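2 protein chains.
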Amino acid sequence: MIDFAPILKKYKPTEEQNRELKHTASEVLGMINSILEKKKIKAKSLLVGSVAKGTNLASGDIDLFVIFSKEYSIRDMERLGLMIGHEVLPQGREKYAEHPYVSGQLGGRKVDIVPCFEIDPGTRIISSVDRTPLHTDFVLKNLDSEGQDQVRLLKLFMKGIGVYGSEIKVSGFSGYVCELLVIKYGSMLKVLEAFASLKGKMKISLEEGEIREFDAPIVIIDPTDITRNAAAAISLENLSRMKINSRMFLANPMEQYFNTGADYAPEKYRERGTVMRIFTLEKPDIIDDILFSQANRFRNIIVQILEEDGFMPISSEVELSDDIEVMVECKLEKLPATKVHVGPPVDAQNAIDFIKKWSGGRATLGPYVCGDRLCADIPVGKRVLEEVVQERINGFIIGKNIDQFKAKMRIIDPAKSNKKFLVLGKFYNKVLSGLPS
Amino acid sequence: MIDFAPILKKYKPTEEQNRELKHTASEVLGMINSILEKKKIKAKSLLVGSVAKGTNLASGDIDLFVIFSKEYSIRDMERLGLMIGHEVLPQGREKYAEHPYVSGQLGGRKVDIVPCFEIDPGTRIISSVDRTPLHTDFVLKNLDSEGQDQVRLLKLFMKGIGVYGSEIKVSGFSGYVCELLVIKYGSMLKVLEAFASLKGKMKISLEEGEIREFDAPIVIIDPTDITRNAAAAISLENLSRMKINSRMFLANPMEQYFNTGADYAPEKYRERGTVMRIFTLEKPDIIDDILFSQANRFRNIIVQILEEDGFMPISSEVELSDDIEVMVECKLEKLPATKVHVGPPVDAQNAIDFIKKWSGGRATLGPYVCGDRLCADIPVGKRVLEEVVQERINGFIIGKNIDQFKAKMRIIDPAKSNKKFLVLGKFYNKVLSGLPS
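Protein chains in written order, with the working numbering: chain A, -4 to 432; chain B, -4 to 432.
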């Protein structure tokens, strides 16, 4: 096996970095606490996330929670939470997860100040954000310093193969899932062994006993709430990537699997002897997690239109840059002028109607009999890919935040454009990494 | 209803034509009988077919049988049959049905001299040809002169809509089936009414009682042999044509349904905004019934190749002219340079082999994960329709009589050829006739 020490050394925060981090964090906590005191708000502040759990990488963010007493209404909690965030991070921007929160920079680091409600372990769910402090407690109790480093290595491996991150755009493994996996199996390598030998779904719990059913490719029972699947965000594709990369790494361990810098850059179009088009929409000012679902629906609708109208899509991809970008690759860019329209069986009541409808030159050929049915070759209306999509897209509801931009959708042939598209980078870079060459 | 008298007058043989016919027939019968006598052959001659049954149209052929005693071996019967045929029709050519026979011209008419064995009604089948004399007897006993005219009208209707003829190329209604239908239903119009109101299969017998199962769209029990379906040759498509044309005629009776001159002529290519190609093979010297099955298999093989390789065939047709002609219409004439090659699931034993196979630049993109499987975009080999078919056709066995010509198959783009192809005429003329315009 390769030596993991140099990898860990490269990405684990140094003593000094950790001191700095802790300093910035306690500074923010202090600021929050003084606001709470001054305004007599019944809440307490808490450092959460990987920094709190000791599983952070050198580049990690600082996540702080403001945990409100259950006496407050949701509305008041959210209002007070934003007020505190803006006061601590004057340059910060409002974002929206389960509750709105403020995200900004402090001491060169990204800092999120997120409001939530206080809950006890096992309590009825209020929201998944509200459960985060319980996760911090659980991980701190169950991981020693060696375990924390194993989580770091697992995160690095997952980043290297592109499956790390629970945001919808990635639909991969969260930091908490990495922690639970290391607690379950004992080390990064043991986790990889589990995925390498896994057939079909993964279904695990840290405790004995039967595991509840969830409709998801991976089920990892959250030890702080056994009704919840902590791995619900992970897509089948990312589970598959994890399985095959684990097999490949164990068969041929190479450091390059831990190369986390391989984020895909925009790329020029590559000639593939196919018909490639990029569909772009303006991007509304909402967080990516919400926008991405709608962007993905936009992709699915375009693929559906191209499929139904016979352009034969081969591949597609979606990405968010300054715009929403959808790439679709097809076999045809122009439809044949004629298609065979299959009518009713000759026995059917409406057979004569079909004949009347398509007689007298309205069909390019027919009506005629094929098997026990009537057919007619009829002219196809719009035949050019761009025209068909522009016309049909109006008949679809994509999502409330982007429907307003449908009319301004642009369709670009990347072979004829000098622009580089992030979506092409994503498409070209989906190749399995770390392959022996 | 329209007046059928003028239609009948136009196509029914006149008194004089019938006298001539009878004269020619008895001349031939006399010649055959004198040979039989001279050579002491135990056989008798018989006029069969529509002339014998009084259901012939003015243009009808003369069919004569030489009925051999069952004492002869098949080999001797066939040898003697050909000898007699050649002596009576010195210019005649040998053809092959169930037994070989001689076909030629006499007094301006086509004459066939067909050898067969003597059998009794209900006897175990020797061959369907041997049963023909029994058909003649049955029809003569069950049709009066009005019934004979009704058969003539039914034949004319069926010729008009292109479903008359039991040869494999047509797969339609034989003269005998027309006679049985008129005996069953009483008149041409009653036959049309039966088809107009028919749902699904037709299943009839002239006698009461349960009807045996046959795997055919139409079952008409042969009254001279209840184990036989007299309508076995009729295709689903021709049954469907008969149904819908009967409905249309009864709803709007027009003389043009009886226009039997509408045999399709060769036609020039018509631009349809599709990719049309004609594949021709040399024609060996065998009868059309045997050749057509192989020609149809040739059509099916080409369609299969085009389907499998992604050219997306829309329509196809087959016809015999001086050559075997197959027309196929497709959506694509050139394949995209890249195709998505779907590999094994990531769980599979051979997943790593797939990755090794397609790594290192052998794929244009990939290997990558899609869902729970591995994929790679790989270059397509031959991409042009003509090249793909020329290459792949060698891997197929079409039929013993035409395989020798495969290597000389020609592929013609009719848009770039001045030649007129019979197959295009057949394709363009499949339109339902007699439509109100």
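Simulated from the structure, these hints should not be mistaken for laboratory data.
Everything numeric in this text was worked out from a predicted model, so none of it was measured.
Some hints could be false.
[To be verified] Listed next, the in silico DSS-like pairs over lysine-lysine satisfying Cα-Cα at most 30 Å (straight line):
#	chain 1	residue 1	chain 2	residue 2
1	B	K411	A	K329
2	B	K179	A	K263
3	A	K263	B	K164
4	B	K395	A	K164
5	A	K401	A	K415
6	B	K263	B	K17
7	A	K329	B	K414
8	B	K263	A	K352
9	B	K352	A	K326
10	B	K334	A	K414
11	B	K33	B	K4
12	B	K196	A	K377
13	B	K185	A	K352
14	B	K164	A	K329
15	A	K326	B	K326
16	B	K377	A	K411
17	A	K334	B	K105
18	B	K164	B	K395
19	A	K334	B	K179
20	B	K329	A	K414
Which numbered hints are broken by the structure, listed smallest first? Hints 2, 3, 4, 6, 11, 12, 14, 17, 19 not satisfied by this model.
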